[in-house]
Amino acid sequence: MNPVISTDQLTMRFRGCDALLGVDLTIQPGTVFALLGENGAGKTTLIRILTGFQKPTSGSACVCDFDPLKQPLEVRRRVGYVSDNPALYDWMTVGQIGWFTASFYPDGFYDAYRESVAKYEIPEDRKIRVLSKGQRAKIALSLALAHDPELLILDEPTSGLDPMVRREFLESMIGRAASGRTVFLSSHQINEVERVADTIGILHNGKLQACEPLNDLKGSMTELTVSLDDPLVQVPTLPEPAETLLEENQGRQRRFLVRNFDPSMISFIESASGVVAVRDRTMTLEEIFIAHTRKGFAGPPGPPPEMSRGPSESPKPSTGDGGRESEVVTSGEQS
Amino acid sequence: MNETRLWQGLLWKEAKQVIPLIGMLLGVSALLFIVWAATSRQLNVTLQATGDIVPLIMPALFAAGAGAILISHEKETRSLNWLASLPIPIRPIVMTKFVVAFAGLMLMWLGCWLLGILAGLDGGNGGPLAELKQIHPAFWFLHSIYVLLCGFYTAWRNKNAFPALVWIIPLALLPFLVVEIWHAMPFIGSSQYADVTQKTWVMGIVTALAIPIAGWFAYRAGRRELQADEPERLLGRDGLHSADAWRPPETSAPSELPFRNSLTSLVWQTIHSSRWMSIGLSVPLLAGALAWLVLTNHLGQISSWLMVAIQVSIGLSLLAVSWLGVAVFTGDGSSGRLKFLADRGVSPHRAWVGRHWFGVSLLCGISLLILVVQAILGTPLSPDAYDRPAVPEVSLLTILAVFAVVYGVSQWTSQLVPMLAASAFLAPVLSLVALAMLINAGVGNGVRLGWLLLIAVLPFAATWWTMHDFMDGRRGWKYWSTMVVAGLLFSLLPSLPVWIAKSQFPRMPKERVAELLPEARRLSKASSMNFASMRMGDLDLRDDFSNRLGEVDGETAVQRFHQRNYASPDTWMVIGNQDDTPLRADTWIIQNSLEMASFTKLRWKQNPSETSKEELAAFIDRLTTAARRLRLSVRWFDQEMADYVEEWLVNNLSDKAMQPLQSEPFFRRAAEQVAAFDDRQSARRRALLVSWHVDLELSEHSQWYGVSANDDWFARVPLNWRASIMQKGFGAVVDRCLQIQEKQKAGGDLEPEFRALHELVGRPGGDFETGPYSDNASSGQNTLHPRRFYGYPAVSWFEPWETEGQLIWQRLQTKAQTETESESNVPTEEEVQ
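In the order they appear, the protein sequences are chains A and B.
Everything in the first sequence is counted per the numbering used here, starting at 69 for the first residue and increasing by one.
Everything in the second sequence is counted per the numbering used here, starting at 3 for the first residue and increasing by one.
Just so you know, not all the hints are guaranteed correct.
Only part of the chain A face toward chain B is listed, based on derived beta-carbon distances under 10 Å [unchecked claim]: (1) Arg116; (2) Pro124; (3) Pro140; (4) Met160; (5) Gln164.
For the record, the hints were derived by calculation from the structure and aren't laboratory data.
All C-beta atoms, glycine included, are put in the ideal place defined by N, C-alpha and C.
Based on the provided sequences and hints, a complete structural model is requested.
Structure below.
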């Protein structure tokens, strides 16, 4: 099955900053994909390219088997898009905007829209300008979903929604994915994302730092706390395929963020001289996100020669990434 | 997707968006037409001219504003982004906007044409905008389509609506510029002699050619806007040009540290919100100042193209002043952006000052520039005393006052109508109407400058007062009630001094009205309103009167010339022979007749022949009859002219040279006429009361019976409201004149009464001593001076000639008695005569 979204070396440079740097992304149908990133990480730029609003500096993209730059209308017919602050015609009534938008979609749009609006209990004769922020978000969602799009692109979809509606909406996203539709959402609400997304992409400084199924991502990252009898004791470099992403000195304790850590490596560390105890902990998505986006993530600081790579005889745990529905082909500055 | 439904949906949306602009402009047009209709009857050329060109202005304003409403506003609210996210091809989006705007333009033309017909525009060619009105409306129609397309182009190209509007101006002027350049070409001939029709044709052709070009540019700009954004071109080392060395480095902030004074930051923000807007408004202001300096300093004939350039520059500078005002509250595209300052606790009044700083500084700077240049150039002098600049210099205060009114009303409009696309077009119209209203109040109604300046401050005070609510986006009942009160004050205050002055203007007291009205009514009923007019004899040498000069047949003319008898009163005053019919005076005929009578008397004195005596007798007889019949008239002015004639008779009958003629019948008849003192007083009283009563009864104020004879009454009352107090003032005058009569009868001193009358009619001639009533006073000495004042009541009353007239008659009677006694015969009646 063709991926719903695929990008190839997507690069977008602006004067003074690089929004995207060689992003390769593949999203399969039936996925709820969550794109995480700080403000200014390049999320909105990526969405603008995918919806045909922005030409990239280089690279290409394909959405629903169409090039969004050459065939933007075909893409928009198959996509439902809700921006973080949807600008609707505020002089129209709730009913009028549905009637107006239905002009551009096949039959059935207006009925589906009215049904959705009725579900949200918003009167059709009310002007958009008098609606609350949350009600506007519901109208925007109703408009984006009324034609049952193959791909739903949501930029901060739940901001402004009350908790009850938010929960219902997120559950409906899972339902959409189950029916073969794809959802691409960009959000800061990591807890919510964790609840619904099955694939996570983390964008930082224009680069896709991670793009893996949620479980793989969570399973691949381990926080390792090593207690030492002397702060000057050297901790041995972990054997492959483990990668140390970050190392922090906290007195007689060292804290490591390690990718592809295998519990069998604990005994290897404990065997080193001066190591008192080793504790490992699986990280939450939020911790993983912070780990990927915090300053200094690019690599462990000041690697001594013996810290760069473990001995060749170290055990090699399995990568465990088979069955991924999305993958990072180019992972930027991964250490 | 259904293609028809797509177009229907888009057309519906665009139409709904543009209808408010059409309604608003038609509403303003209707208001202007009403103002025009109300003022055109008065002699106010400026407003009349404005009324005539309203049908042209309103579609032009719509043409320029449609792009701002349909495109810039959508960009500003980002609804265009949402629309673009729907699966709609670009062409229908761009085309429906144009189709709806074009239909709206047609509707505007139709509406303004209908309003023009309803308001009865005469399409006259007078007034200061005569040249513009000569251009055929078909050109303006074409030009409005061109402006519409230019507006679309600039709206698509600019992110902010304001620069888009500013850039329409040079594009709209292009056809005019091309035509002026075309006519300035040496092989075309002097533009001075190019007639308007020829120019209109050239402008029409240029505009017609420019329309598809502008349309193509607008369409292309629309397509580009709705297509995917192009990536920025990042120049590498090889891409840099040597010219880049001159480019100032881009800085993130204007200074190392934030400005110490927050006002400075606000000014910085105003200027830099759109640098192009600041430049775009400063340039026409400067050009207008230069044009004004040329206009006030250029001696001699100004060439046609220069005059057009001056008019256009001054017009654009006024538009720039108005838009500077509009920029105060909507300059950064959305009034909502002021909330940024409100959220940060910036004092509303500080924000108000900060927003005004740039505009006010610019206007003050321009005014000072005009003053300084004018001071350096001095007053233009020419060896030829009649060679003067087309427009005289004006004071700095006048320039500032004009700027203050236009700018003040515009900033007020922009706060009231925060949608830029609407306020940008409403503000210039409303500010010019306000300016015309205040000028009319000052010049036409005589309202003091200080009061008008106070009113000019009102729009500033209104926005200052409501700034807090406006910044917070809290425009509730308090805001709107403040605005309504301020609006009412601004509209009504210019008229307040007029109302007060009108209410305090002298009138006949009520008790006096009650006393005199029955008598006036009785006299009116008893008097005949029929009258005979006096005319001159046939002095014309022409046969054909079809044109002003007339065709003169030489022989006939010479023959007629020789047949004229200048020594006959029939040549100068023809009054018919209906002796009982009142005569209506004609000042010109009476003056000429009196002069010719004086000339005849001189001829008789030089050559006392029988013929010359008969000629003199005929003149005096005719004047005596005229005076008698004028006394029958119930129009007070005829009584004044009868006084004029009788005064001449008295002066001449009392002439020593005339005494040998005392026994002549004409002398006796004339003496009898001038001696009838009591009859004269009765005629005066009757005429005053009847004239007053007739005016009271007349419903149509424009048809005065009593006071229409002269417009110089109440000369100190400003012209625009003089007519409305005429009737009231006439009552006061009648009362005063009757009091003079009554006091004379009682034997009192009349000087205070005449002084009061002098004040009442507006001090004609200045001081009392130099005015028409100085001779009526007991201190008046000269009785034989030439008459200088006509049309004022009682100017000849109780002067020495009246007594002299009685004395002449008494002398005549005494002489006749003496002659009778000396002859010791009882004379027959025929002999006495």
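Hints, one by one, checked against the model:
At its closest, the beta carbon of Arg116 of chain A sits 8 Å from a beta carbon of chain B; the interface hint therefore holds under the 10 Å criterion. Among the interface hints, the one on Pro124 of chain A holds; its C-beta lies about 6 Å from the nearest C-beta in chain B, closer than the 10 Å criterion. Hint status for Pro140 of chain A relative to chain B: holds, with the closest Cβ pair at about 7 Å, below 10 Å. Because the closest C-beta pair between Met160 of chain A and chain B is about 8 Å apart, less than 10 Å, the hint holds.
Checking Gln164 of chain A against chain B by beta carbon gives a least distance of about 9 Å; that is within 10 Å, so the hint holds.
Violated hints are absent here; each numbered hint is respected by the structure.
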